[in-house]
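**Student:** Here is what each chain is made of, one letter per residue.
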Amino acid sequence: MSVIYLLITISIIVAIGFFIAFVCAVKTGQYDDDYTPSVRMLFDDELINSGAKKNKSKK
Amino acid sequence: MDTQNCFHCGLDIVKADEIVFDSKSFCCAGCKTVYEIFSTNDLTFYYDFEKSPGATPQNNIDKYDFLDNESIASKLLEFQESSTAIISLNIPHIHCSSCIWILENLQRLEKGISTSQVNFPEKKVRITFNPEVVSIKSIVNLLSSIGYEPHISLENYETGKTTIDRSLTYKLGVAFFCFGNVMLLSFPEYFEVKEYWLDQYRGFFRWLIFALSLPSFFYSASGYYVSAYKSITSKMLNIDIPIALGIVVMFIRSAVDIIMDYGSGFFDSLTGLIFFMLLGKMFQIKTYSFLSFERDFKSYFPIAITKINPDSSEESIAIYELQKGDRVLIRNQELIPVDGVLISGKAEIDYSFVTGEAVPISKQSGDKLFAGGKQLGKPIEMEVLKSVSQSYLTQLWSNAIFQKEVTQNHKTITDSISRYFTPILLLIAFAGFGYWIFIDTTTAFNVFTAVLIVACPCALALTAPFTFGNILRILGKQKFYLKNALVIEQLAKVDTIVFDKTGTITTNKKSSISFEGTSLTDENLVLIKMVLRASNHPLSRMLYDNLSLTVIKNTGADFTNEVGIDAFEEITGKGIRAIVFGNKIEIGSASFVDKAPEESKQQTSVHVKINDVYLGKFLFHTQYRDGLAVLFKNLSKQYQLQVLSGDNDGERANLEQLLPKGTELFFNQKPEEKLEYIKTLQEQGKNVMMVGDGLNDAGALAQSNVGISISENVNVFSPACDAILDASEFDKLSYFLTLSHNAMRTIKMSFVLSLLYNVVGLLFAITGNLLPLVAAIIMPLSTITIVSFVTIMSNYYAGKKNN
Numbered sequence: 001m002s003v004i005y006l007l008i009t010i011s012i013i014v015a016i017g018f019f020i021a022f023v024c025a026v027k028t029g030q031y032d033d034d035y036t037p038s039v040r041m042l043f044d045d046e047l048i049n050s051g052a053k054k055n056k057s058k059k
Numbered sequence: 001m002d003t004q005n006c007f008h009c010g011l012d013i014v015k016a017d018e019i020v021f022d023s024k025s026f027c028c029a030g031c032k033t034v035y036e037i038f039s040t041n042d043l044t045f046y047y048d049f050e051k052s053p054g055a056t057p058q059n060n061i062d063k064y065d066f067l068d069n070e071s072i073a074s075k076l077l078e079f080q081e082s083s084t085a086i087i088s089l090n091i092p093h094i095h096c097s098s099c100i101w102i103l104e105n106l107q108r109l110e111k112g113i114s115t116s117q118v119n120f121p122e123k124k125v126r127i128t129f130n131p132e133v134v135s136i137k138s139i140v141n142l143l144s145s146i147g148y149e150p151h152i153s154l155e156n157y158e159t160g161k162t163t164i165d166r167s168l169t170y171k172l173g174v175a176f177f178c179f180g181n182v183m184l185l186s187f188p189e190y191f192e193v194k195e196y197w198l199d200q201y202r203g204f205f206r207w208l209i210f211a212l213s214l215p216s217f218f219y220s221a222s223g224y225y226v227s228a229y230k231s232i233t234s235k236m237l238n239i240d241i242p243i244a245l246g247i248v249v250m251f252i253r254s255a256v257d258i259i260m261d262y263g264s265g266f267f268d269s270l271t272g273l274i275f276f277m278l279l280g281k282m283f284q285i286k287t288y289s290f291l292s293f294e295r296d297f298k299s300y301f302p303i304a305i306t307k308i309n310p311d312s313s314e315e316s317i318a319i320y321e322l323q324k325g326d327r328v329l330i331r332n333q334e335l336i337p338v339d340g341v342l343i344s345g346k347a348e349i350d351y352s353f354v355t356g357e358a359v360p361i362s363k364q365s366g367d368k369l370f371a372g373g374k375q376l377g378k379p380i381e382m383e384v385l386k387s388v389s390q391s392y393l394t395q396l397w398s399n400a401i402f403q404k405e406v407t408q409n410h411k412t413i414t415d416s417i418s419r420y421f422t423p424i425l426l427l428i429a430f431a432g433f434g435y436w437i438f439i440d441t442t443t444a445f446n447v448f449t450a451v452l453i454v455a456c457p458c459a460l461a462l463t464a465p466f467t468f469g470n471i472l473r474i475l476g477k478q479k480f481y482l483k484n485a486l487v488i489e490q491l492a493k494v495d496t497i498v499f500d501k502t503g504t505i506t507t508n509k510k511s512s513i514s515f516e517g518t519s520l521t522d523e524n525l526v527l528i529k530m531v532l533r534a535s536n537h538p539l540s541r542m543l544y545d546n547l548s549l550t551v552i553k554n555t556g557a558d559f560t561n562e563v564g565i566d567a568f569e570e571i572t573g574k575g576i577r578a579i580v581f582g583n584k585i586e587i588g589s590a591s592f593v594d595k596a597p598e599e600s601k602q603q604t605s606v607h608v609k610i611n612d613v614y615l616g617k618f619l620f621h622t623q624y625r626d627g628l629a630v631l632f633k634n635l636s637k638q639y640q641l642q643v644l645s646g647d648n649d650g651e652r653a654n655l656e657q658l659l660p661k662g663t664e665l666f667f668n669q670k671p672e673e674k675l676e677y678i679k680t681l682q683e684q685g686k687n688v689m690m691v692g693d694g695l696n697d698a699g700a701l702a703q704s705n706v707g708i709s710i711s712e713n714v715n716v717f718s719p720a721c722d723a724i725l726d727a728s729e730f731d732k733l734s735y736f737l738t739l740s741h742n743a744m745r746t747i748k749m750s751f752v753l754s755l756l757y758n759v760v761g762l763l764f765a766i767t768g769n770l771l772p773l774v775a776a777i778i779m780p781l782s783t784i785t786i787v788s789f790v791t792i793m794s795n796y797y798a799g800k801k802n803n
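Sequence lines, in order, name chains A and B.
According to my numbering, the stretch in the first sequence is residues 1 to 59, in order.
According to my numbering, the stretch in the second sequence is residues 1 to 803, in order.
By construction, these hints were calculated from the structure, which means they are not laboratory data.
Don't take every hint at face value.
As the list claims (entries may be wrong) - Chain A stretches covered by chain B per the calculated footprint, using a threshold of three residues with CB under 8 Å from any CB of chain B:
id: 1; segment: 3-9
id: 2; segment: 26-36
Stated by the list, open to error - Using C-beta positions, here's what the derived DEER-type ranges look like:
id: 3; chain 1: A; residue 1: 28; chain 2: B; residue 2: 130; range: 45 to 53 Å
id: 4; chain 1: A; residue 1: 18; chain 2: B; residue 2: 626; range: 48 to 56 Å
id: 5; chain 1: B; residue 1: 799; chain 2: A; residue 2: 38; range: 22 to 30 Å
id: 6; chain 1: A; residue 1: 27; chain 2: B; residue 2: 664; range: 49 to 57 Å
id: 7; chain 1: A; residue 1: 27; chain 2: B; residue 2: 344; range: 51 to 59 Å
id: 8; chain 1: B; residue 1: 168; chain 2: A; residue 2: 12; range: 36 to 44 Å
id: 9; chain 1: A; residue 1: 27; chain 2: B; residue 2: 74; range: 25 to 33 Å
id: 10; chain 1: B; residue 1: 260; chain 2: A; residue 2: 2; range: 38 to 46 Å
id: 11; chain 1: A; residue 1: 18; chain 2: B; residue 2: 477; range: 33 to 41 Å
id: 12; chain 1: B; residue 1: 796; chain 2: A; residue 2: 38; range: 27 to 35 Å
From a predicted model like this one, the values you see are computed outputs, not experimental measurements.
Glycine is no exception: its CB is placed at the ideal position from the N, C-alpha and C atoms.
With the rest of the complex left out, here is chain A:
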C-alpha cells in the first residue's frame, strides 16, 4: 500500500478533527458575541497594574 493513501487519509482525518472543533465552538456560543472578548482580554494587564500600584502606595 502506497504511502500516499496513508498520508491523505491522515490529512483528511486531521481536517475533520479541526472541523469538529469548529462545530463545537459554534455550539457553545463562542461566536455569538465577537466583540466583548476582544475588549476583555485587554483587562488582565490593567488589573495587575492596579495591584502593583496598590503595593507601591502601601510602601
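Place chain B on chain A using the hints.
**Tutor:** Below, chain B alone, put in the same frame as chain A:
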C-alpha cells in the same frame, strides 16, 4: 463661565451644584456616590479605559420592590438551583469598555455574585450569583446605584430559552471544509500531464473528491432546494430555481463523469459555488442585536405593580394578575399599565409614550386614566377598570395589522430578473441540446448540462447580498439601523413620505420660549428663576434652562441662593406659589392666576403673577429639528410629503411657512386614523414611508411600506418598525434615500456584468468546450469581480455626498 465636565458622567457642571471630592469635580451627589463606591472598592480603573463613562444613578429604591415577590423574580431567572442562579439583565447604558470592565468585576462589590459576563452587542449582562447570599432585588439595586440600571419590562416576563439559529454558520463551515479539501485534491487534475504518478492515483483522488462534496451538496446547499421547491409550488420564479437546477445538474453530471471514468467532474466549482453563495447570505445578515425591531407594548410596561389590598396593605403583583376593581398605587415615574379611574391625589400624566407629547396632562380625582401614561410627582391611587389585555393601548395592538404575520409579498429585484432568466436559460439549454443531438448524442448531453452549470447565476445571486450588506453597514455607521436588507429595496421604491409631527419633526429636547405681556424686569426674572429652580415640573425645568441664558449675563445675580425663598408650595396640575424676598410669586396655568383661559390659540403657556399683578405669560413654541426646512425642500423634489399630527392645528401657520408648498398637513389624527390614512394611500398605489416616533404611530409604522422610527436614544425604546434612525441624523434622511437609489443602480450595473460572464461561459458551453478547468476559472473569477465591483461602487456612492 467656563464649563467643566463631570468626572463621572461627563455632563456639564452647573457651578452652583458642583461637588468636589477627592480633587475631582462631579455634577451631582449621585455621580459622586458612584465614584465613592468605586474608589473604596479599588475599582477606579473604571475611569482609565474611557473618559467619563458613567451615568448618573437614578434614586428609586422602591422601584424594584416587586422583585421581592418570589414568583415574579423567578420568572426572570435563566437558571436556578439551591445555591446558584443565573440572571440575564438588559442594561441600555452599556456603551464602552469601562462598562464591560466594571460589570465583569461585580463580584468585588457584592460577595454573593460569583461571575458576571457582559455581552456587549446585545447590551446584556449575565450574572451568576448565590440566591442564599444575595437577592435579585439587591443585585438590581446595586446596578442602579452605580448607574447601570437594568431594563426590566413585561417582555422579560416570559423568558423562555431563546434558541439561536446557527444553522447558517454550520452550513458555511461544512461548505468551506468541503471546498478547501476538494480544491486541494483536484489541483493535480488541472495540469493534464500524462504522468505515471498522476494516472496511478487519479481514481483515488476523484472518489475522495466525490465523497467530500457530498456533505456540501446535501447539507450546505439544502436551503436552495427547499426555496426552489417552494417557489415552484407558489408559481413564483425566484433566483433559487436556476441555482438549485445548476447545482443538481452539476452534481449529477460530475457523479456520472467520475463513476463512468469520463473525467474529473465539476466538484471543485460546485463546492466553491455553494461556499461563496452561503458567504453572501452570511454577509447580508447584519443584525443589530442591541436593537429590537419587533417591540410591542410589552417592552414599555412594567412587570409588576403595587396593589393596595382592602386592608390597606401593599403588595407587588404581576400586572397580568390585575383584575377589574383592584386598587393600585402608581409612584413617581411609573407607567400606568391599565385603564382606570383616579381615586386619590392629583395626577400629572405624561403621555409621551402614547402621543409623543412631552407636556404632562393634569388629572383630578375621578378622571379616567388610560394605560401608557406615566405619573410624575406624588404617588397616586387608582382603581382598575379594565385588565391589561383589554386596555386602550393593548387594544391598539389587537388591530389586524399587528396580528398577521408579516408576509413579504414584496418581490425582490433579483427575483424579478430571474423571472426572465430562468425561461431563457432553459431555452438555450434545450436549443443547444436540440442542435447537437443530430450530430453527437454524448456531446448533446454534455452541452445541455454544461449550459445549466455555467449559467448557474451565482454571480447574479451574490450581487444583491453583497451590495445590501455593505450599504447596511454604511448606514449603520451613520446611525440609521435597518431591520434587514430588504428595507433598502423598499426605500428605493418609496414615492410618498408621511411624517408624524410631535417628536418626529419636532424635538422635545429643546424648546423656544417667548414672553407675552408686560416686559419683565431683570429683578423679576431672577425671582422667577429662583422659584422655578425648586420645581420639578417639566415645564419649570424647561423654562429654567431657557432663562439661564439671558438672565445670568445681564445681572450676574445669584439666583441659586435658596435663602430668599420663604414659602414654597407646588400645587400639582396648577402651578407654584412662593414668597421670595417678601414678593409673592405665582406661576402656573391660566386658571391658577385667575385669568380667563384663552380659546384662540391652544399653545402651551405658563402665566406669571407677581405680588397679585398679572404680568404675562411664557409661550412654549415647538422647536423643529435642525435642517428640517432644507430636508423637506430636498425631499419635495422627488417625493410627495405629508404631515400627520395627533395635535391640534395650533402650529399650522408656522408649519405652512416652514415647509415647501405642496406638503399636506393633517391635524387631530388618532392612531387608528393614521393607520387608515396610510392604508388609503397604499390603495391608491403609493409606496408609503412613514416616519414616526411614539406608540401612537405604531399602527401607521406597521402598515406603511417602510416604517422608520426616530429615536433620541436608540438603545432605549422605539415601536415596531423597519428601521430606526437616531434623531441626531434626522437631516440626513434625504441622503439615505439617495443612497438606497444608488444601491439599486449598483445592483443593476453588476447584473449586466454578471450576465456578460454568463454569455462568455455559455459560448464555451454551447460549443461543447466546457472543461472542468475553464469552469473552475470562470466561476470564482466572476464571483470576485462582482463582489469587488459592488463593494467599490457602494462605497463610492456612500462617500459621494457625505464629505
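**Student:** Hint numbers the structure violates, sorted upward?
**Tutor:** Checked against the structure, the hints that fail are numbers 3, 8, 10, while the rest are satisfied.
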